[in-house]
Structure formats: C-alpha cells, structure tokens
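Starting from the structure of chain A, add chain B where the hints point.
Chains A and B are the protein sequences, given in the same order. Under our numbering, think of the first position of the first sequence as 1, with each following residue one higher. Under our numbering, think of the first position of the second sequence as 1, with each following residue one higher.
These aren't lab readings, by the way, just hints derived from the structure by calculation. Every residue gets a Cβ at the ideal spot worked out from N, C-alpha and C, and that includes glycine. Treat the hints with caution; some may be incorrect.
Below, simulated SDA-like cross-link-like pairs (lysine to any residue); rule was C-alpha separation at most 25 angstroms, straight line [said to hold, decoys possible]:
no., chain 1, residue 1, chain 2, residue 2
1, B, Lys133, B, Phe81
2, B, Lys72, A, Val65
3, B, Lys78, B, Ile66
4, A, Lys58, B, Leu61
5, A, Lys58, A, His79
6, A, Lys54, B, Leu123
7, A, Lys54, A, Leu64
8, B, Lys62, B, Val49
9, B, Lys133, A, Leu23
10, B, Lys34, A, Ile130
11, A, Lys48, A, Ser59
12, B, Lys72, A, Ser59
13, A, Lys54, B, Leu75
14, B, Lys3, A, Leu163
15, B, Lys72, A, Val72
16, B, Lys6, A, Arg29
17, B, Lys6, A, Ile130
18, A, Lys124, A, Asn95
19, B, Lys6, A, Ser99
20, A, Lys91, A, Tyr11
21, B, Lys135, A, Val72
22, A, Lys54, B, Ala77
23, B, Lys6, B, Ala77
24, B, Lys59, A, Asp104
25, B, Lys133, B, Ala120
26, A, Lys48, B, Lys72
27, A, Lys58, B, Lys62
28, A, Lys124, B, Ile117
29, B, Lys6, B, Glu67
30, A, Lys58, A, Val72
31, B, Lys133, B, Ser114
Covered stretches of chain A (in silico footprint by chain B; criterion: 3 or more residues with CB under 8 angstroms from a CB of chain B, positions within the stretch not fixed) [as the list claims (entries may be wrong)]:
no., stretch
32, 54 to 60
33, 105 to 119
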Amino acid sequence: MDYILQPWPWYISGPCIAIVMFLLLYFGRTFGMSSNLRTLCAMSGAGKKVEFFKFDWKSQRWNLVVVLGAIVGGFIAHHYLSNPIDIDLSKNTINDLNSLGFNDAGKSLLPPELFSWENVFTLKGIAILITGGLLVGFGTRYAGGCTSGHAITGLSSLQLPSLIAVVGFFLGGLFMIHFIYPILF
Amino acid sequence: MGKYIKFFLVGLFFGIVLVKSEAVSWYRIFEMFKFQSFHMYGIIGTAVVSGILLLLISKRLKVKTIEGEHLKVPLKAKGLFRYIIGGTIFGLGWALCGACPGPMYILVGTGVFSMVIVIAAALLGTFIYGLLKDKLPH
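The following block holds chain A by itself, in its conformation from the complex (with noise of 0.2 angstroms):
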C-alpha cells in the first residue's frame, strides 16, 4: 500500500499509459482525449451550424465514458491514494518559480497563483485560463490529436504526422516559457 501511496516513477507511469492506450484499441477504440471536446461540441448542437459538428456524437459516448472515469480516477488518487506530499520538483525549477513569483513551487499540484478563485477573477488570471484553453481546444483539433493521441498513440505506431504533431507542442510550449513567461510574469 505504501508504493501505492508514494508518487508513481516514471517507469512505472509511463508503461501504465501504453496499457490505457492498448486496452481501448484492444476495445475497438483509440485513445484520444482531445475529439471528447468536438463530441461535446456536436452534442451541444454545434452540427446544427457547422458541419465540422456534423456527425453520429453518440458513436463517440464510450469516449466520454473514459472521461467520466477519469474524473472518478483522479478524485480517488487525490483524495485517497495520496500522501500529502511535496511534489519533488528539481531545484533549479522551485528557483526559477519563485523568481516568476510562483511561491509555493510543488505545494500542490497547481499554482494557487493561477487557479485559486481570487486570482482567477483578476483580469490577468482569467485571461491567462481562457487564453490557454482557447489554444488547447483550437490547436488539438486543428493538429488532429493531442498528447494521447499524437504523442502515445501516433508516436507508438510510428506514424510521420504524429512526430510532425510532437515537434509542434514542444516548439509551442518551448516559446511559451521560455519567451512570453518572462513578460507575463
């Protein structure tokens, strides 16, 4: 039990992953987080505008099943298969935080700076939120995949485009911390 309630290495994580995107191939499925949000779009009536929205949503309802489940999972493994524990982030990143003006680097595990209410409802904070999910839900459809099914899924079964995908969201998140954090920040 206490390996459970450890942080996970990555060596165990990451073969955890492949087994997640093994199972829903092994169901028929592919492992893709990002079209749940198309689906969601389509069920809320977008195909009635635009034809990109179009399409039979409710062939795509065991997807959003996999996210009811998520959800359900990360409750559990936050609420009770957790120590409260500092996340073991390497020095130079607590350093580089707090001189960003992040001051609780690995407290929890997302910055109160950016997700607590009161800085959500600054003009700063919610812009930042909107902003990224904006570029998320665009980038991801427009991209055809995201991390699940670009980064694991395309990347395991070699597929060009994928690697093309990947190079992108590093060139993306490179730019962003490393040029726009320093002006936002």
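Then chain B, alone, in the frame of chain A:
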C-alpha cells in the same frame, strides 16, 4: 449500460495513473519545458517504447479486438501545415495552463474546479476551429 463499464474502468485507471505520476501537475509541465528534470520525458518515453512493443507483439500474435477485428491504429491523414501549426498552437496553450485535454478533466476530479473555465474555453476553441476549418491550410 454494461458495455460502457470497461470504458469507465479504463478511464478510472488513466485518471489514477496521471495523478499518481504527477503528469497532471502544472509544475511538472513547466519543469519539462525548462529541461530541468527527466521525470516527464521518462513518462512519455517509456509510454511510447512500451506502446511500440505492445503493438509489435500484438501484431506478431495476431491479436484480435473484442469485436473480432484485427487490432489496428487509425492512421493520421498525410499533411504538414496542420500538424506543425496546430501542434504549435496546442503547445502554447499546454504550457500556459499546464494541462492538456486528459488532465483538464482529471484535475476537476481532484477538486480544481477553476479548470472548468479552461475546459469551456477549449470547447470554444474547438468550435472556432470547426468554423474556420475550410479556410485553414491543412
């Protein structure tokens, strides 16, 4: 209802793994893009290597899906622009809010309800893509 239970359980396992591995943490994503820890690279790297092996083995053993078909991965369409531009746009957002689409939902489960704002914005972003799709280079 019964046929959905297995998908719920896979999702449950996925949620637990991503929380326990700390891959849902904004801090871990920041650290990854700063190249200051091997942790996230270890997770993605071992996931891909295990994925390659699982797919090779299942091909060799001619594993069938539960529906009796050959197990196969859907092929991504050929293209360049959509992958590099779309990927870069996603990467910018991923680093900004520290969550990709899987962790967004999982984090709501851990009690981070402000993540609902990010999810709502992501839905809007997806809708905007749908609107502009035919005007974008793919």
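Now for the hints, and whether the structure bears them out:
The hinted pair formed by lysine 133(B) and phenylalanine 81(B) meets the criterion: a straight-line CA distance of about 13 angstroms does not exceed 25 angstroms. Distance hint between lysine 72(B) and valine 65(A) is fulfilled; the C-alpha atoms sit about 22 angstroms from each other, no more than 25 angstroms. Between lysine 78(B) and isoleucine 66(B), the direct Cα distance comes to roughly 29 angstroms. Violation of the 25 angstroms bound is thereby established for this hinted pair. Taken as a hint, the lysine 58(A) and leucine 61(B) pair is broken in the structure, with Cα atoms around 33 angstroms apart against an allowance of 25 angstroms.
This hinted pair does not check out: lysine 58(A) and histidine 79(A) have alpha carbons roughly 32 angstroms apart, beyond 25 angstroms. Restraint check: the Cα-Cα separation between lysine 54(A) and leucine 123(B) comes to about 16 angstroms, which is no more than 25 angstroms; the hinted pair holds. In summary, the hint linking lysine 54(A) to leucine 64(A) is supported, as the alpha carbons are separated by about 17 angstroms, within the 25 angstroms threshold. The suggested pairing of lysine 62(B) with valine 49(B) holds, with an alpha-carbon distance near 20 angstroms, which does not exceed 25 angstroms.
Taking the CA atoms of lysine 133(B) and leucine 23(A), the gap is near 32 angstroms; set against the 25 angstroms cutoff, the hint is violated. Of the pairs offered as hints, the one joining lysine 34(B) and isoleucine 130(A) holds, with about 23 angstroms between alpha carbons and a cut-off of 25 angstroms not exceeded. For the proposed pair lysine 48(A) and serine 59(A), the alpha carbon gap of about 18 angstroms is at most 25 angstroms, so the pair holds. With a C-alpha separation of about 18 angstroms, the suggested pair lysine 72(B) and serine 59(A) falls inside the 25 angstroms cut-off, and the hint holds.
This hinted pair checks out: lysine 54(A) and leucine 75(B) have alpha carbons roughly 22 angstroms apart, not beyond 25 angstroms. Under the criterion of a C-alpha separation no larger than 25 angstroms, the hint pairing lysine 3(B) with leucine 163(A) is inconsistent with the structure, at around 33 angstroms. This hinted pair does not check out: lysine 72(B) and valine 72(A) have alpha carbons roughly 29 angstroms apart, beyond 25 angstroms. For the hint linking lysine 6(B) to arginine 29(A), the alpha-carbon distance of about 12 angstroms falls within 25 angstroms, and the restraint holds.
Using a Cα cut-off of 25 angstroms, the hinted pair lysine 6(B) and isoleucine 130(A) is violated, with the two alpha carbons roughly 33 angstroms apart. At roughly 23 angstroms between alpha-carbon atoms, lysine 124(A) and asparagine 95(A) fall within 25 angstroms of each other, so this suggested pair holds. Simply put, lysine 6(B) and serine 99(A) have alpha-carbon atoms about 46 angstroms apart, too far for the 25 angstroms limit, and the pair is violated. With a C-alpha separation of about 22 angstroms, the suggested pair lysine 91(A) and tyrosine 11(A) falls inside the 25 angstroms cut-off, and the hint holds.
This hinted pair does not check out: lysine 135(B) and valine 72(A) have alpha carbons roughly 39 angstroms apart, beyond 25 angstroms. Restraint check for lysine 54(A) and alanine 77(B): satisfied, since their Cα atoms lie roughly 20 angstroms apart, inside the 25 angstroms limit. At most 25 angstroms may separate the alpha-carbon atoms for a hinted pair to count; lysine 6(B) and alanine 77(B) exceed this at roughly 29 angstroms. Distance hint between lysine 59(B) and aspartate 104(A) is unfulfilled; the C-alpha atoms sit about 47 angstroms from each other, more than 25 angstroms.
Of the pairs offered as hints, the one joining lysine 133(B) and alanine 120(B) holds, with about 20 angstroms between alpha carbons and a cut-off of 25 angstroms not exceeded. Only pairs whose Cα atoms come within 25 angstroms are accepted, and lysine 48(A) paired with lysine 72(B) is rejected, the gap being roughly 32 angstroms. Distance restraint check for lysine 58(A) and lysine 62(B): the Cα-Cα separation of roughly 30 angstroms exceeds the 25 angstroms cut-off, and the hinted pair is therefore not satisfied. For the given pair, lysine 124(A) sits about 14 angstroms from isoleucine 117(B) by alpha-carbon distance, which is consistent with the 25 angstroms threshold.
For the proposed pair lysine 6(B) and glutamate 67(B), the alpha carbon gap of about 14 angstroms is at most 25 angstroms, so the pair holds. For a cut-off of 25 angstroms, the pair hint linking lysine 58(A) to valine 72(A) stands: about 22 angstroms separates their Cα positions. Of the supplied pair hints, the one linking lysine 133(B) and serine 114(B) is violated, its CA atoms being roughly 29 angstroms apart against a limit of 25 angstroms. Against chain B, the stretch 54 to 60 of chain A contributes 0 residues with a C-beta closer than 8 angstroms to a partner C-beta. That does not satisfy the three-residue criterion, and the hint is violated.
Restraint check on the stretch 105 to 119 of chain A versus chain B: 9 residues with Cβ-Cβ distances below 8 angstroms, three needed, restraint holds.
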